[in-house]
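K.L.:
Using the sequences plus the hints, can you model the full thing?
Number of protein chains: 2
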Amino acid sequence: MEIHLLPRREQWSKLLSRDAVASVHDETARIVSEVFDTVAQNGDAAVREYERKFTGAIRTSLKVSEAEIDEAESLVEVQLREAIAGAAANIASFHSAQVMQPVEVETAPGVMCMQRQLPIDTVGLYVPGGNSPLFSTILMLGVPARIAGCRRVIMATPAGPDGKVNPAILYAARVAGVTDIYAMGGAQAVAAMAIGTESVPRVHKIFGPGNRFVMEAKQLACYRRGTALDMPAGPSEVMVIADRDADPAFIASDFLSQAEHGPDSQSILLTDSAEVLEATVKEIERQLAVLPRGDMMGKSLEHSRLIQLSSMSEILDFANAYAPEHLIINTVDADSIAAGVKSAGSVFLGPWSSESAGDYASGTNHTLPTSGYAVAYSGVNLDSFCKKITYQRLTPEGVRTLAKTVMTMAKAEGLEAHSRAMEIRQEALQKSC
Amino acid sequence: MEIHLLPRREQWSKLLSRDAVASVHDETARIVSEVFDTVAQNGDAAVREYERKFTGAIRTSLKVSEAEIDEAESLVEVQLREAIAGAAANIASFHSAQVMQPVEVETAPGVMCMQRQLPIDTVGLYVPGGNSPLFSTILMLGVPARIAGCRRVIMATPAGPDGKVNPAILYAARVAGVTDIYAMGGAQAVAAMAIGTESVPRVHKIFGPGNRFVMEAKQLACYRRGTALDMPAGPSEVMVIADRDADPAFIASDFLSQAEHGPDSQSILLTDSAEVLEATVKEIERQLAVLPRGDMMGKSLEHSRLIQLSSMSEILDFANAYAPEHLIINTVDADSIAAGVKSAGSVFLGPWSSESAGDYASGTNHTLPTSGYAVAYSGVNLDSFCKKITYQRLTPEGVRTLAKTVMTMAKAEGLEAHSRAMEIRQEALQKSC
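These protein sequence lines map, in sequence, to chains C and Z. When we follow our numbering, the leftmost residue of the first sequence carries the number 805, and every step to the right adds one. When we follow our numbering, the leftmost residue of the second sequence carries the number 805, and every step to the right adds one.
One or more of the hints may lead you astray.
Cβ-to-Cβ under 7 Å is the rule here; a few derived chain Z residues that face chain C [to be verified]: (1) Phe898; (2) Val903; (3) Ser940; (4) Pro1005; (5) His1008; (6) Tyr1027; (7) Thr1194; (8) Leu1198.
Derived coverage of chain Z by chain C (criterion: at least 3 residues anywhere in the stretch with Cβ under 8 Å from a Cβ of chain C; other residues may be distant) [unchecked claim]: (9) 1041 to 1054; (10) 1089 to 1103; (11) 1109 to 1118; (12) 1146 to 1154; (13) 1164 to 1171; (14) 1216 to 1226.
Just so you know, the hints here were simulated from the structure itself, not pulled from any lab data. The beta-carbon is built from N, C-alpha and C at its ideal position, and this holds for glycine as well.
P.N.:
Shown next, in the form of structure tokens:
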């Protein structure tokens, strides 16, 4: 852990930096590019061969059958089923409230302009395999997709060496309303969804986390083919703002939650209280001692920072410059500080709002912009599964209202035919009078 | 022009194809990648050197001064100034109506979730130079940026060989509320905005059209650096749906407007009336004869298609599979057909709504998804200049409501510290009772 007491502004840039390497590695890019070419050429056979090679899984069909999902459902304990249902209900409640009402404006006499939100027809969700079965991510992506009205919600997730997918993952996918599940992972899964194969439909947008091959594959699909993505990816991070009243035990528990995500996770504490900072360091050491995964968490904590700043106004400046994925405001007046936040993925207000509440069950989405991308990107929300279409209707009066403006501008841009398309309608109206 | 009468569905895939080459050319990518490296290394000096090399323009400062803009304003004719003001007012009216109201939901007892829209701090608008000064694009990008509340709205546009920027462009930028104008174009301008130089601030999102170097530069900025973009680009296109009552002269004028955008533009007519199709062919030839740029327009019309289909239902299937940038519904019952449109950039309803009305002045945005990207991307709208942040606040009651769900899920995902962050708060509440 790095400790910085009252650093001068000139020293901030080093403290604001993220250590994480850039997401594009030449070698990763070369491998992923080859995977794309192979999947484009050989379809399902290529995907199956990569699966066999990387996971040892041999399946006759990439697609997971209803019978497999039924079996999985029976293997999930009742308590976990209830928890998944409860989380899904809260996520549904919050994302349903995000449905956009149509916009309709008469911008000028006889000129009606409208905007409506429509679902993206086919979306692809990537869900990593490995030791931690991230079924919570399925709820975060599948539930909003269903509310948006996406017709096909494809999920790709790798099978284990026995060819089977984790039961909790299959169960959560059913709860979330996923329509098609494919037992495939890595760059080949992303390639299959971006390109389409005999059994996997080409999707219009790809969501979800993954290792560097998955991330590179998503970025390559966007770069080469214009496939829409949820957002660029980077290591997870939390920033905690704490005043002198904050409980150091809470701060420490939030640091350790973040550290648990992986050795490249970053946690930053900003406080105006030297006492809270000192007490937090001790609490982290105390809590770390009794948690599993201590080694990995220690590694993540190495590049975590505890920073004392002189005032809440300075703290806000620092937080906005960093644009954290998760921002916990553990202060007495959390709302007034939140009003000054300009860039963040998701904000947790007050002492009782742990990041883990939002990671699982408060109802907000946990797929959020990392690495400072919050300056321009939103976390996944209902919009992410929709596109907006505009409409306009000119009446004869509208033609009269706009003709001069359109014709003047079109001619000044050297676009005579644009002018003529308006003029021809104007003439038709004059004739009919 | 290709004419297809009642093609069978098996033949559609050829008719739905776009001839345009993929946007990523290896040679273009290599050149643009070099430009990025040079700009990253040498900043302003690199940009100035590229400008000198490609346009002949020599300027002491990349930034356009207030005095230059004042001078430009005096050169723009009154009629054009009025037209620009009128268009800007309609664009402002429609985009102001798109401001999102905050969302606030109590998803469970003691668990408040909120979502708010905030402006992206610094955005970059690219406006091409060349023969057609696209000042309309400045309004389409600058006006919503101002309404969204972006603090800095940077515009890059190339100067001519005399070092001066087109007056109408500078004037429109002032009307739109652009805060900083830089006389620079091509890949170097995009690189300067994506990376930042001594005089050009690094922007968080890049908007606007351009040639293949500009487009490649935008895509590379996104791929390499995660810079947000408005959308991937491709040649402009229009699809016209017409019934037997449609005026062939109107259809022809809309085809020719599109053809005027460039030799790679595409126009497609879908009609259930063989008579309208035939009459449209004749009208196109008649109108083409009296318009300037005939050669270029003839080239564009070569890959345009006039297609007779058997019914409006078949026409809608075809239109949705194509996902056109512009969709003109020139029919009696345009609204009911529009209700079946699932993917399009912007829709023009009825005979009086020419595409040129929306290109300039109806109030809708003309920066729209081409090449079928409308399946997943929206045209530029107020959202494009904003990001959405979520917030949650748990009260002590909220901790009691969510604790079991969060702890069960966290443990099932193998994330003990996540569970612990909730548990430690639950224990604190129990102690205080």
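K.L.:
So, as I understand it, the hint says Phe898 of chain Z touches chain C; can you test that by seeing if any CB pair is closer than 7 Å?
P.N.:
5 Å, holds
K.L.:
Taking a Cβ-Cβ distance under 8 Å as contact, does the stretch 1216 to 1226 of chain Z have three or more residues in contact with chain C?
P.N.:
holds (count 11)
K.L.:
Three residues or more, CB to CB closer than 8 Å: is that satisfied between the stretch 1109 to 1118 of chain Z and chain C?
P.N.:
violated (count 0)
K.L.:
Against chain C, with CB atoms and a cut of 7 Å, does the hint on Tyr1027 of chain Z hold up?
P.N.:
Holds, because the Cβ-Cβ distance from Tyr1027 of chain Z to chain C comes to roughly 4 Å (cut-off 7 Å).
K.L.:
Counting residues of the stretch 1146 to 1154 of chain Z whose CB is closer than 8 Å to a CB in chain C, do you get three or more?
P.N.:
The restraint on the stretch 1146 to 1154 of chain Z holds, since 9 of its residues have a Cβ under 8 Å from chain C and three suffice.
K.L.:
Regarding the hint that Ser940 of chain Z lies at the interface with chain C, is the smallest CB-CB distance below 7 Å?
P.N.:
6 Å, holds
K.L.:
Once the shortest beta carbon distance from Val903 of chain Z to chain C is found, is it less than 7 Å?
P.N.:
Interface hint status for Val903 of chain Z: violated (10 Å vs cutoff 7 Å).
K.L.:
Given Pro1005 of chain Z as an interface hint, is the shortest Cβ-Cβ distance to chain C below 7 Å?
P.N.:
12 Å, violated
K.L.:
Less than 7 Å between beta-carbons is the criterion; does His1008 of chain Z satisfy it with respect to chain C?
P.N.:
At about 4 Å, which falls below the 7 Å cut-off, the nearest Cβ of chain C leaves the hint on His1008 of chain Z intact, so it holds.
K.L.:
Do three or more residues from the stretch 1164 to 1171 of chain Z put their C-beta atoms closer than 8 Å to C-beta atoms of chain C?
P.N.:
holds (count 6)
K.L.:
Hint check: is the beta carbon of Thr1194 of chain Z less than 7 Å from a beta carbon of chain C?
P.N.:
4 Å, holds
K.L.:
Do three or more residues from the stretch 1041 to 1054 of chain Z put their C-beta atoms closer than 8 Å to C-beta atoms of chain C?
P.N.:
holds (count 3)
In this structure, the earlier hints numbered 2, 4, 11 are contradicted, and the remaining ones agree with it.
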